[in-house]
Amino acid sequence: MTPGLLFDYVLGLADDALILGHRLSEWCGHAPLLEEELALGNIALDLIGTARSLYTYAGAVEARGRDEDALAYLRDVPQFGNLLLVEQPNGDFAVTIVRQFLYSAFAAPFWRGLVGSRDATLAAIATTAATETAYHLRHSREWLVRLGDGTAESRRRAQNAIDDLWMFSGEMFEPPAAALIGAGIAIDPSALRPEWDGSIDRAFAEATLERPASGYMQTGGRHGRHSEHLGHLLAEMQFLQRAYPGATW
Amino acid sequence: MAPTKASHPEEAAKQPSRRTHNARSGEPLTPLWEVFIRARNGLAHRHVGSVHAADAEMALQAARDTYTRRDEGVSLWVVPSAAITASDPGDEAVLFEPASRKPYRHPSFYKLPDEVGDM
Numbered sequence: 002m003t004p005g006l007l008f009d010y011v012l013g014l015a016d017d018a019l020i021l022g023h024r025l026s027e028w029c030g031h032a033p034l035l036e037e038e039l040a041l042g043n044i045a046l047d048l049i050g051t052a053r054s055l056y057t058y059a060g061a062v063e064a065r066g067r068d069e070d071a072l073a074y075l076r077d078v079p080q081f082g083n084l085l086l087v088e089q090p091n092g093d094f095a096v097t098i099v100r101q102f103l104y105s106a107f108a109a110p111f112w113r114g115l116v117g118s119r120d121a122t123l124a125a126i127a128t129t130a131a132t133e134t135a136y137h138l139r140h141s142r143e144w145l146v147r148l149g150d151g152t153a154e155s156r157r158r159a160q161n162a163i164d165d166l167w168m169f170s171g172e173m174f175e176p177p178a179a180a181l182i183g184a185g186i187a188i189d190p191s192a193l194r195p196e197w198d199g200s201i202d203r204a205f206a207e208a209t210l211e212r213p214a215s216g217y218m219q220t221g222g223r224h225g226r227h228s229e230h231l232g233h234l235l236a237e238m239q240f241l242q243r244a245y246p247g248a249t250w
Numbered sequence: 018m019a020p021t022k023a024s025h026p027e028e029a030a031k032q033p034s035r036r037t038h039n040a041r042s043g044e045p046l047t048p049l050w051e052v053f054i055r056a057r058n059g060l061a062h063r064h065v066g067s068v069h070a071a072d073a074e075m076a077l078q079a080a081r082d083t084y085t086r087r088d089e090g091v092s093l094w095v096v097p098s099a100a101i102t103a104s105d106p107g108d109e110a111v112l113f114e115p116a117s118r119k120p121y122r123h124p125s126f127y128k129l130p131d132e133v134g135d136m
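Line order of the protein sequences matches chains A and B.
The first sequence begins at 2 in this note's numbering and counts up one residue at a time.
The second sequence begins at 18 in this note's numbering and counts up one residue at a time.
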């Protein structure tokens, strides 16, 4: 196994956490309730914390002197390996909740599984992320049930969000390099599919929402092929370091 | 205060609904809940504040996200604020003043043996 494979794997996971965390931070000052403002901010901070640990580790694996800031702020769209799902815009509150639920229903069992990784650093990061994502799942699931089984308007918006985001859900289950799985460092995400399906089906049933037919699944994020939205996100997120390189406070 | 400029009807139609109460029952959509936190096992739950939430489960989550961000506790209670019966501020004298004249109710007239140390 080459170090490059491990670097790509860790970097992709870091990018998932950073991009979703940044998306959630965009709600700052706009959330529908003060309590939800704090909740979304908490989740964003959990994710950005995970991203920081993963970037630092990726930099160490790469051993070319790049730290977390260099990896977060000084790469362009094609070098980002995050899932397409997490870069999708916030939309209305239902879109944000559905995106969070689809991802968290995957991320919670994923990190739980990665606790058993033979890579001690990944296992340690996974231990923290597992409890955090378990709460993210709980939080988004409770909202999803209330939006779906709420008013006609909230149900319509939740169903629209599911229909729009569904084609980005398949990418989560694409396996990383076989050598990483074989070495016991990575886990095969396709093994998480039954648990994810179960979480989705039970929540949708409780929320009176419909699961779309499987259909076409969009992919490419792990290989740097992104939707138009990521460039706009990076332009805002990276502005300060690009305009004032090395700026600190 | 000067009246605010009326928005264009189409703009107004696009505004999301800001309804805060149920149109039929008049009940608030997100009533108030009082939040209590147990800081450590063995201590009593203490009142820390309140949150707005649609139901008990959401109130618990809101309380967690609002009041336990800095490792404040190990257990949470949420109670509908409407379930609390409060004493009337006008009764303050009748209810509480008599106690202020009974210092003997404080255990401050006992000589503590040195061996006991701090109590």
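Among the clues, some could well be false.
Pair ranges (Cβ atoms, derived) [what the hints assert, rightly or not]:
#1 L241/A / P45/B: 36 to 46 Å
#2 A99/B / E196/A: 55 to 65 Å
#3 R86/B / G247/A: 45 to 55 Å
#4 D165/A / R36/B: 42 to 52 Å
#5 H38/B / R65/A: 58 to 68 Å
#6 A135/A / P45/B: 38 to 48 Å
#7 P195/A / V96/B: 51 to 61 Å
#8 E211/A / E44/B: 49 to 59 Å
#9 E154/A / R86/B: 42 to 52 Å
In case anyone wonders, no lab produced these hints; they're calculated from the structure.
For glycine and all other residues, C-beta sits at the position ideal for the given N, C-alpha and C.
Here's how the hints hold up against the structure:
no.: 1; hint: L241/A / P45/B: 36 to 46 Å; result: 42 Å, holds
no.: 2; hint: A99/B / E196/A: 55 to 65 Å; result: 40 Å, violated
no.: 3; hint: R86/B / G247/A: 45 to 55 Å; result: 31 Å, violated
no.: 4; hint: D165/A / R36/B: 42 to 52 Å; result: 25 Å, violated
no.: 5; hint: H38/B / R65/A: 58 to 68 Å; result: 59 Å, holds
no.: 6; hint: A135/A / P45/B: 38 to 48 Å; result: 31 Å, violated
no.: 7; hint: P195/A / V96/B: 51 to 61 Å; result: 39 Å, violated
no.: 8; hint: E211/A / E44/B: 49 to 59 Å; result: 30 Å, violated
no.: 9; hint: E154/A / R86/B: 42 to 52 Å; result: 31 Å, violated
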